[in-house]
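I would like the entire structure built from these sequences, with the hints used as guidance.
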Amino acid sequence: MNRIKLGLCVLVMLGLAGCKSTTLYNWGVYDEGLYEYYHDPVAAKEFPIALEDHLKQIEDNKQRPAPGLYAEVGTFKLKSGDITGAISFYEKEANTWPESAALMKTLVQNLQRQNGNKQ
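Going by UniProt numbering, the sequence shown opens with residue 1, and the numbers climb by one from there.
Worth flagging that the hints you see were computed from the coordinates, not collected in a lab.
Wrong hints could be hidden among the right ones.
Restraint-style ranges between C-beta atoms, simulated for each label pair [stated by the list, open to error]:
| hint | residue 1 | residue 2 | range |
| --- | --- | --- | --- |
| 1 | Tyr35 | Lys105 | 24 to 34 Å |
| 2 | Leu34 | Arg64 | 14 to 24 Å |
| 3 | Arg3 | Lys56 | 49 to 59 Å |
| 4 | Arg3 | Lys62 | 40 to 50 Å |
| 5 | Gln63 | Ser88 | 14 to 24 Å |
| 6 | Tyr38 | Ile4 | 52 to 62 Å |
| 7 | His39 | Pro67 | 18 to 28 Å |
| 8 | Asp40 | Asn2 | 55 to 65 Å |
When the alpha-carbon atoms are kept at most 30 Å apart in a straight line, the in silico BS3-like pairs for lysine-lysine are as follows [as the list claims (entries may be wrong)]:
| hint | residue 1 | residue 2 |
| --- | --- | --- |
| 9 | Lys105 | Lys77 |
| 10 | Lys45 | Lys62 |
| 11 | Lys77 | Lys45 |
All C-beta atoms in this analysis are idealised placements derived from N, C-alpha and C, irrespective of residue type, glycine included.
This is how it looks when you write it as structure tokens:
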């Protein structure tokens, strides 16, 4: 009888331990937002703002954003004509994810060169 109770307790504990799923990175509403960005013109205007707000929240909570989120916001900034903002987010991406540093460095150098030619 005691073995049955012990076995049942172990099974319940294992079942409860499997209930909480944790992710390695904080993606926020990226999946849903990106889908809406491409399929809904109204959401296309709101998504970059929501994504940037999400990144601020991640930074405030001392969490690590998912790979590419800083670069994504940088690209939205670039599309809107904010080259300085784009460079800032590309640099954050390179600092957070060293694997992307070479690409981000090249993007930043090209943007700085283009921006220098416009002035």
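Please name the hints from earlier in the document that this structure breaks, with their numbers sorted from lowest to highest.
Every hint satisfied by this model.
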